[in-house]
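A.B. asks: One-letter residues, chain by chain:
Protein chains: 2
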Amino acid sequence: MWQKLYKMSEKRPLVLVTNDDGITAPGVRSLIRMMNKIGDVVVVAPDSPQSGMGHAITVNNVLYCNPITIDEGPQIEYNCSGTPADCVKMAINEILNRKPDLCVSGINHGANSSINVIYSGTMSAAVEAGIEGVPAIGFSLLDYNYHADFKQAEDYVRDITLSALKEGIPEGVVLNVNIPKLKKAAIKGVKICRQANGYWREDFDKRKSPFGQEYYWLSGEFINQDKGEDTDVWALDNGYISVVPVQFDMTAHHMIQKLNSWEL
Amino acid sequence: MWQKLYKMSEKRPLVLVTNDDGITAPGVRSLIRMMNKIGDVVVVAPDSPQSGMGHAITVNNVLYCNPITIDEGPQIEYNCSGTPADCVKMAINEILNRKPDLCVSGINHGANSSINVIYSGTMSAAVEAGIEGVPAIGFSLLDYNYHADFKQAEDYVRDITLSALKEGIPEGVVLNVNIPKLKKAAIKGVKICRQANGYWREDFDKRKSPFGQEYYWLSGEFINQDKGEDTDVWALDNGYISVVPVQFDMTAHHMIQKLNSWEL
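Same order as they appear, the protein sequences are chains A and B.
The first sequence begins at 2 in my numbering and counts up one residue at a time.
The second sequence begins at 2 in my numbering and counts up one residue at a time.
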């Protein structure tokens with residue numbers, strides 16, 4: 002297998018594929034098929050769904066990571082017991098013999114626009130790649146259906162990936178791409194956006210177990226407080242694909258001067 | 002208990018306390034004792050260690066959250082089966098009868114400077130509070146020892162908390178406070194900083210189980226690529242407490258113009 006990988010890597014870009022819905026999810030299978038046309042593909046993805054895992058990493062438990070064959074390839078695949086961020090760490094630091102030219106994560110079954118970027122395993126995988134110096138893109142389709150129609154998005158995913166490979170994503174930035182649930186012909190194009198200012202208003206669903214213990218399901222409603230027409234939520238609501246450049250320097254630089262006026 | 006809480010809330014600030022090391026960890030017990038002097042304290046913290054959980058939330062499982070008495074108070078406490086971010090959501094949306102005036106998270110047993118802000122459950126709890134419109138501070142002590150000497154940090158934690166209550170933390174920002182492992186007298190003061198540009202170079206420790214299966218421990222070395230004297234890592238290395246204003250708008254605004262030049 003390693004000889005195959007070395008041989009593969011000579012000419013075409015080496016593309017690492019991961020996701021957060023698990024290695025068998027239709028979204029990542031679609032992404033793998035697309036990436037096979039662009040480069041030499043290695044998949045390191047979670048062996049189970051990891052939605053909402055944010056940037057969790059596994060520090061108090063062990064990790065399993067084994068080769069797996071799911072279809073006839075030609076990609077090489079590993080399924081991993083960890084989180085999406087673990088998968089990327091494992092791929093870059095343990096499995097691959099060189100840094101990939103690109104990491105793509107997804108295609109997520111559901112939106113990762115606005116504040117969801119922070120809860121998203123899909124985006125955390127992309128951010129982890131970015132932290133480790135690998136250009137990265139997270140892709141999400143606004144359709145939570147397991148059998149969503151990823152075909153409609155394929156040409157856009159390909160074009161954005163090729164542009165990223167051609168232009169280069171600058172260090173310190175990864176791309177968060179969200180795709181509306183529309184037929185290809187109905188998608189109006191691609192908009193570069195900022196993250197809309199929104200949050201989830203939680204509405205915990207309280208229940209009682211058969212044994213009398215109270216428990217909760219976390220559920221809620223997304224609230225968009227942002228009327229800007231330069232946001233990802235606006236773009237998606239208006240039939241565009243949104244591309245948000247995401248950074249992992251979380252410093253609020255504009256606040257440093259203000260804080261220096263505090264008596265500390 | 003609710004009557005007590007209502008009564009408590011009439012005059013003093015309502016302070017939500019959480020952490021990621023679990024509700025019985027010495028770091029959070031120290032923080033609770035300090036906050037009892039400042040306001041009326043409600044604790045909603047994980048029932049088990051949640052280090053490295055990043056901004057994970059529990060979407061595929063149920064949550065338990067029950068009142069608990071650990072010491073003689075006067076704080077009110079709940080232990081929760083979820084992640085630090087879950088605890089904050091639960092507190093704000095289910096347990097508290099009004100929005101807290103402040104959320105403090107920690108004191109973490111170990112550093113959350115530089116890129117660790119993104120892996121940190123401690124900081125994710127603070128960020129979650131910020132997202133929900135609650136001023137928030139995460140505190141971390143650079144000592145991984147379970148019986149670390151949190152007393153040395155107490156005056157600084159109190160002063161930073163009182164300043165935040167007096168000055169007000171602007172919306173969209175939370176504070177990441179790291180404290181060096183030094184005697185109080187040796188701490189040189191407080192520095193407002195930016196997040197140092199660093200990452201973890203992983204070194205997976207590969208082993209074989211008694212049943213012949215290969216598994217890994219995630220371990221690595223922190224690499225600071227940033228020589229700036231305005232960073233949190235520099236401040237901590239030089240005997241200062243670091244305070245980084247952290248934002249959860251992750252948009253790389255400076256990249257939007259550049260991306261608009263791509264042919265998409």
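Hints may contain errors.
You can't tell identical chains apart in this list, so a pair holds if it fits in one copy or across any two.
[To be verified] Once the Cα atoms are required to be at most 25 Å apart in a straight line, the calculated DMTMM-like pairs of lysine to aspartate or glutamate come out as:
1. Lys100 x Glu222
2. Lys207 x Glu155
3. Lys12 x Glu155
4. Lys100 x Asp227
5. Lys12 x Asp156
6. Lys152 x Glu78
7. Lys182 x Glu133
8. Lys182 x Glu73
9. Lys38 x Asp150
10. Lys209 x Glu264
11. Lys259 x Asp238
12. Lys185 x Glu264
13. Lys184 x Glu168
14. Lys100 x Glu133
15. Lys184 x Asp231
16. Lys259 x Asp102
By construction, these hints were calculated from the structure, which means they are not laboratory data.
A.B. asks: Now tell me, hint by hint, if it's right for this structure.
C.D. replies: Hints and how they fare:
1. Within a single copy, lysine 100 and glutamate 222 get their C-alpha atoms only as close as 40 Å, which misses the 25 Å cut-off; across copies the closest is 18 Å, which meets it.
2. For the identical chains of this complex, lysine 207 and glutamate 155 are neighbours neither inside a copy (41 Å) nor across copies (38 Å), given an alpha-carbon limit of 25 Å.
3. Within a single copy, lysine 12 and glutamate 155 get their C-alpha atoms as close as 24 Å, which meets the 25 Å cut-off; across copies the closest is 58 Å, which misses it.
4. In this assembly of identical chains, the alpha carbons of lysine 100 and aspartate 227 lie at most 25 Å apart only when taken from different copies (21 Å versus 38 Å within one copy).
5. With identical chains, the CA atoms of lysine 12 and aspartate 156 are at most 25 Å apart within one copy only, with a shortest distance of 23 Å there and 60 Å across copies.
6. In this assembly of identical chains, the alpha carbons of lysine 152 and glutamate 78 lie at most 25 Å apart only when taken from the same copy (22 Å versus 50 Å across copies).
7. For the identical chains of this complex, lysine 182 and glutamate 133 are neighbours neither inside a copy (32 Å) nor across copies (28 Å), given an alpha-carbon limit of 25 Å.
8. Proximity of lysine 182 and glutamate 73 under a CA criterion of 25 Å is satisfied in neither setting, with 29 Å inside one chain copy and 55 Å between copies.
9. For the identical chains of this complex, lysine 38 and aspartate 150 are intra-copy neighbours only, at 19 Å inside a copy versus 57 Å across copies, given an alpha-carbon limit of 25 Å.
10. Taking the shortest Cα distances, lysine 209 and glutamate 264 never come within 25 Å of each other, neither inside one copy (49 Å) nor across copies (55 Å).
11. In this assembly of identical chains, the alpha carbons of lysine 259 and aspartate 238 lie at most 25 Å apart only when taken from different copies (24 Å versus 36 Å within one copy).
12. Within a single copy, lysine 185 and glutamate 264 get their C-alpha atoms only as close as 57 Å, which misses the 25 Å cut-off; across copies the closest is 18 Å, which meets it.
13. In this assembly of identical chains, the alpha carbons of lysine 184 and glutamate 168 never lie at most 25 Å apart, being 28 Å within a copy and 51 Å across copies at closest.
14. Only within a single protomer do lysine 100 and glutamate 133 lie at most 25 Å apart by alpha-carbon distance; the minimum there is 9 Å, versus 38 Å between protomers.
15. In this assembly of identical chains, lysine 184 and aspartate 231 lie within 25 Å of each other by CA distance solely inside one copy; the values are 23 Å within and 49 Å between copies.
16. Taking the shortest Cα distances, lysine 259 and aspartate 102 sit within 25 Å of each other only across copies (20 Å), while inside one copy they are farther apart (40 Å).
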